[in-house]
Amino acid sequence: MRILGAIPTLLLVIAVAFLMVRAAPGGPFDSERALPPDVEQNIEKAYHLDEPLPAQFVRYLAGIAVGDFGPSFRYRDYTVSEIIRQAFPLSMRLGAMAMLLALIVGVSAGMAAALHKNSMLDRLISAVAMLGISVPIFVVAPLMVLVFAVSLDWLPASYAGSAGADRLIMPIIALALPQIAYIARLTRASMIEIMASDFVRTARAQGLRTASIIRYHAIKPAMLPLLSYMGPAIAAVLTGSIVVEQVFGIPGVGQFFISGALNRDYTLVLGITVFYAVIVIVLNLVVDLLYGFLDPRIRSR
Amino acid sequence: MSLAPTLLPVRQQVRGSRLVWICASLLAFIAIASVAGPFLVDNDYRSTDFDNIFLPPTITGQHFFGTDDLGRDLFVRTLLGVRITLFVAVIASFVSLFIGVIYGAIAGYLGGKVDALMMRLVDAMYALPFIFFVILLMVVFERSLLLIFIAIGAINWLDMARIVRGQTLSLKQRSFVDAAKLIGVSSFGIVWRHITPNLLGLVIVYMTLTIPQAILVESFLSFLGLGVQEPQTSLGALVYGGTNHVQSATWLIVIPATVLAVILVCFNFLGDGLRELADPKSKT
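So the sequences go chain by chain: E and Y. Numbering of the first sequence is given in this note's numbering, commencing with residue 1 and proceeding in unit increments. Numbering of the second sequence is given in this note's numbering, commencing with residue 302 and proceeding in unit increments.
One or more hints might be untrue.
[To be verified] In silico SDA-like pairs for lysine to any residue, Cα to Cα no more than 25 Å straight-line:
(1) Lys414(Y) - Leu289(E)
(2) Lys220(E) - Thr210(E)
(3) Lys414(Y) - Val13(E)
(4) Lys117(E) - Val321(Y)
(5) Lys414(Y) - Tyr291(E)
(6) Lys414(Y) - Ile7(E)
(7) Lys117(E) - Ser318(Y)
(8) Lys117(E) - Glu577(Y)
(9) Lys414(Y) - Arg297(E)
(10) Lys117(E) - Val566(Y)
(11) Lys414(Y) - Leu10(E)
(12) Lys117(E) - Arg319(Y)
(13) Lys117(E) - Leu578(Y)
(14) Lys414(Y) - Pro8(E)
Calculated directly from the structure, the hints in this document are not laboratory data. Only a predicted model underlies this, so the values are computations on that prediction, with no experimental measurement involved.
Pulled out of the complex, with its shape left as it was, chain Y reads as follows (with noise of 0.2 Å):
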C-alpha cells in the first residue's frame, strides 16, 4: 500500500513515530547503561566468588540480575555483553554498508547488461545459506572479532545493494549528472562526488534495520559458541550459558534474552518507521 504520508491521517503518522521516538530512547537507555553502568557498581565481569554461586537477583542486594555458575555477576556481565553486541553489530554494519554502497551505486549507474549480471549475482546470493559459509570460515581460521565483522558485512550487504541499486537508477537521471558528464568528469568521479552522497539520507535510514540482522548473526554465532569468547562475552553467549541452567537459575537465561529481545524489536520498529517517513513508497 503506498500512500504517501501527508495522505495518512494525521493521528496515524504521530502515533508511528511516538512509536520511533519510544524505540529511539529506549536504546540509547540501553548503550549509554552499557557504558556507564559497570562505573556504578563495584562488581567486574570476570572475578569469580564460588561461595556466591546461582545467586538469585535482588534489588537490595550487591548482585542486581544474580551471578552465574562461576559467581560472576550478572549484571555487569549483561551490561559487557550488550556493549560487545552493539559494538560488533555497528561496525559490521558499516561493514556492509560500505560494500554495499559501492556494488549497488555501480550496478545502478552502469545499467544495462553488467547491472542485470551483477542484480542477478546479487538474487543468487540471497537464497544461500549463508550462515553454513561463515561457520566453515570460523572453522577454518583462527575466531577473531575481525573476522565476525567480515563475515557479518559479506552478509548484510545484498539488502543495501538493492535498495542502493534501485536509487542509483533514478538518481543518474537527473540533470546534474547530466551536467558532470558535460564537464568531463569520470564515471567514477560521477558515482563517488555526485552520487553517493545523494544516496546517505536512505542508506542511513537502511542501516537502522541493517543492525538488527547483524546483531541477530552475531549472537547467532555466539550462542553456537563460534563467536565471541570467554571471558569476554555477547548477547548470544548469555543465552547459551542460561540454557545451560534453565531448570535451576531461570534468570541467567531471562535476562540477556529479555534484553536480546528488547534491542531488537526496538531496532526493527525504529528501522520501519524511519523507513515509513523517508520512503514511503516502500513495503514490508
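Isolated chain E (complex conformation) (with noise of 0.2 Å):
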C-alpha cells in the first residue's frame, strides 16, 4: 500500500518540476545573437524539443527510469548523470557522517536532559540546542571558520587546503549541528513524556532499577517519534550540505546545483532537484516503512 501510495507523490514531484523548467520565458539556447532558422530547428530536433510537451514528459521520465538526466547546458562535456555519478559519493558521505553523528549526540544530550530534568544540565542543554536550532548553518560554518581555522589553526579552512581526513571535521560538524539540536528536544519532549507514563510507573511499583526501565521499558517506545523526525531530518540535512559544501569548498553535489543555479543551467538545476527528490521519497518510504515494523500499534491496522 504505502509503496503505490509513494509512486503518485513520485510522479507528482517530477512533473512539477518539469513543467517549472518548461514554463520558463525563453528555451536555453536563445543568446544575444538569433540563430539562423535551420539551425534553430536542428537543435531543437536534436534535444527534442519539438515535439510535444507530454511527449517530452514521458521521454524524461524514461530517461530518468535509467539514471539519465539529459545533458548539461553549461558543461558542454558532461552529462546532468555523469556529473552528479561523480559528485554524489562525497556529499553522502559528508550527509550520512553528520545524520551519523546526529543521532549519536543528539540523543545522548536528550536523554541526559530528560533523567535530569530542570537541573542545570537540563537547561543548559536545551538552551544550546534553542540557539543550534535558530542559528542558521551559513552563519555557524563561517564562524567556525573563523575560529578553527584563522585563528587557532586547528582545522583546514577548506576542502582544498588538506589532504587528510581532517578537512571534512567541521564541515561534518556544522552540517550536524541543527540536527543535534532539534533531535535533543525532540528525545527530550518524547523521553519525559514516557517516563511519566502508566506503564513506567507500574515498572517503578515493581521495583525495577531506573536504568533497567529505560533499557527494556522506556526507549523503544521514546526513540519512535525521532523515526518520524528522520524524513525531514534527510531533507534538511541534503538543504544544509548546498551551504556546507560552498563554504568549504567541496566539490559536492550542493555546489553543482548552485553553479548551475547561477549559470541558469536548467538541465542540471532540474536534474539534481529530481535526484534529491527520489531520494527522499524513497527513504521517508523506508521509514515509514521501520515505523510500521517496529510500532505494534500500527502493524496491527
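Taking the hints as your guide, dock the two standalone chains into a single complex.
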C-alpha cells in the first residue's frame, strides 16, 4: 500500500519540476545573436524540444528510470548523470556522517536532559539546543572557519586545504549541529513523556531500577518520534549540504547545484532537484515501513 | 509534558514571560533602529569610497561598524539588511498564513475523506527538500522580491495548515456552528465568518514562529546569491559578503551574523513563550 502511495507523489514531484522549467520564459539556446532558423530547428530536434509537451515528459521519465537526466547545458562535455555520479559519493559521505553524529550526540544529550529534568544540565542543553535551532548553518559554518581555521589554526579552512580526513571534520560538525539540536529536543520531550507514563510507573512499582526501566521499557517507545523525524531530517541535511559545500569548497552535488543555478543551467538544476526528491521520497518510504515494523499499534492496523 | 499554566510554579511562569518581554523589546529596538538609524548618520548604503576600504569598526569615527571591500558603510548596510530581512519575512509569513488558514480550515471543517487526503498531502510535502524547488523556481524565472515572497509562503504554510486544522476540528463541534448551520449559512460562510475569526489568536501566536523560518529561507537564498540583489542587501547577503574576507576583515562577517542570530533567537524564544502561554498543551 505504502509503496503504491509513494509512486503518485514521485510522479507529481517530477511533473511539477519539469513543468516549472518548461514554463520558463525563453529557451536554453536563446542568446544575444539570433540563430539561423534551420540551425535552431536542428538544435530543437537534437534535444527533442520540437515534440509536444507530454511526449517530452514521457521521454524525460523514461530517461530518469534508467538514470539518464539528459545533457548539461553549460558543462558541454558532461551529462547531468555524469556530474551527479561524480559528485554524489562525497555529498553522501558528508550527509551520512553528519546524520550519524547528530543521532549519537542528539540522543545522548536529550536523554541526559530528560533524566535530569529541570537541573542545570537540562537548562544548559535546552539553551544550547535553542541556539542550534535558531542560528542557521551559513552563520555557524563561516564563524567556525574564523575560530578553528583562522584564529586557532587547528583545522583546514577549506576542502582543498588538506588531503587528510581532517578536511571533513568541520563540514560534518557544521552540518550536524542543527540536527543535533532538533534531535536533542525531540528526545528530551518524548523521554519525559514516556517516563511519566503508566507502564513506567508500574515498572517502578515492581521495584525495577531506573537503568533497567530505560533499557527494557522506555527506550523503544521514546525513540519512535525520532524515527518519524528522520524524513524531514534527511531533507534538512540535503539542504544544509548546499551551504556547507559552498562554505568549505567541497566539490559535491550542492556546489554543482548552486553553480548550475547561478549559470541558469536548467537541466542540471532540474536533474539534481529530481534526483534529491527521489532519494528523499524513497528514504521516507523506508522510514514509514520501518515505523510500521517497530510500532505494534500501527502494525495491527 | 502538559501542565496547565496555572499548575506551573508561579515563579517559572513569570520567568518565562520575562524572557518573552526581553525578546520582544530587543526585537522592537532592532526594528526601530533599522528604520530610524539611517536618518541619524550621514552615510548611505551604496556610496563607495575607495580611499576608505576595510576600515575597522570605531566608536568615535564616521563608520561605527567599519566599511566593506568597496568602502561602503557597514552600519547603514546592516540596518538596511535588517529592514529588508524583516520586511520579506513579515510579508512572506502573511502569504503562508493566508494559504495555511484557508487550507487548514477547509480540511478541518469538511473532515472525513477529504480531510484525510488533504492532510496526507501535507505530510508528503513536509519531507520534500523544498529549497531545491525554490531554487529551481529562482533559476527559471527572473529573481524578484515577489518571487521570494511566494516561494517562502509556499514552504511555510504547512505548519499553519496543521494547527488551523486541529483547531477547526474542535471549533466545529461548538454550538454556534450548529446554530449557523440551522439558520442556513453555507459551508463557506461558516468557515469564513464563524470559524476563521476564532482562529485568529492562535494563528498570530504561531506567526511569531513562522517569521524566523521565513527569515531563514530568505537569508539562505541571499547567502547563495539567489535572493536580494546588490546594491540592496539583506542579512544573509551581508554574511555571504563577509565570508570572502574572513581572514582580513572579521567584522564584515561577525556583525551581520550576530545581528541575524540575535533576531532569530529572539523570535524563537518569543514564539515559544507565547505559544506556551496561549496553548499550554502544545509540545515542543
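Against the structure, the hints come out as follows:
Between Lys414(Y) and Leu289(E) the alpha-carbon distance is near 23 Å, which keeps this suggested pair within the 25 Å criterion. With a C-alpha separation of about 15 Å, the suggested pairing of Lys220(E) with Thr210(E) holds against the 25 Å cut-off. This hinted pair checks out: Lys414(Y) and Val13(E) have alpha carbons roughly 23 Å apart, not beyond 25 Å. With a C-alpha separation of about 22 Å, the suggested pairing of Lys117(E) with Val321(Y) holds against the 25 Å cut-off.
Between Lys414(Y) and Tyr291(E), the direct Cα distance comes to roughly 23 Å. Compliance with the 25 Å bound is thereby established for this hinted pair. Using a Cα cut-off of 25 Å, the hinted pair Lys414(Y) and Ile7(E) holds, with the two alpha carbons roughly 20 Å apart. A hinted pair counts as satisfied when its Cα atoms are at most 25 Å apart, and Lys117(E) with Ser318(Y) qualifies at roughly 20 Å. In summary, the hint linking Lys117(E) to Glu577(Y) is supported, as the alpha carbons are separated by about 18 Å, within the 25 Å threshold.
Restraint check: the Cα-Cα separation between Lys414(Y) and Arg297(E) comes to about 22 Å, which is no more than 25 Å; the hinted pair holds. Taking the CA atoms of Lys117(E) and Val566(Y), the gap is about 23 Å. The hint holds against a cut of 25 Å. Note on Lys414(Y) and Leu10(E): the hinted pairing holds, with a Cα-Cα distance of about 22 Å set against a maximum of 25 Å. Note on Lys117(E) and Arg319(Y): the hinted pairing holds, with a Cα-Cα distance of about 21 Å set against a maximum of 25 Å.
Simply put, Lys117(E) and Leu578(Y) have alpha-carbon atoms about 20 Å apart, close enough for the 25 Å limit, and the pair holds. Annotation: proposed proximity of Lys414(Y) to Pro8(E) holds, straight-line Cα distance about 18 Å (limit 25 Å).
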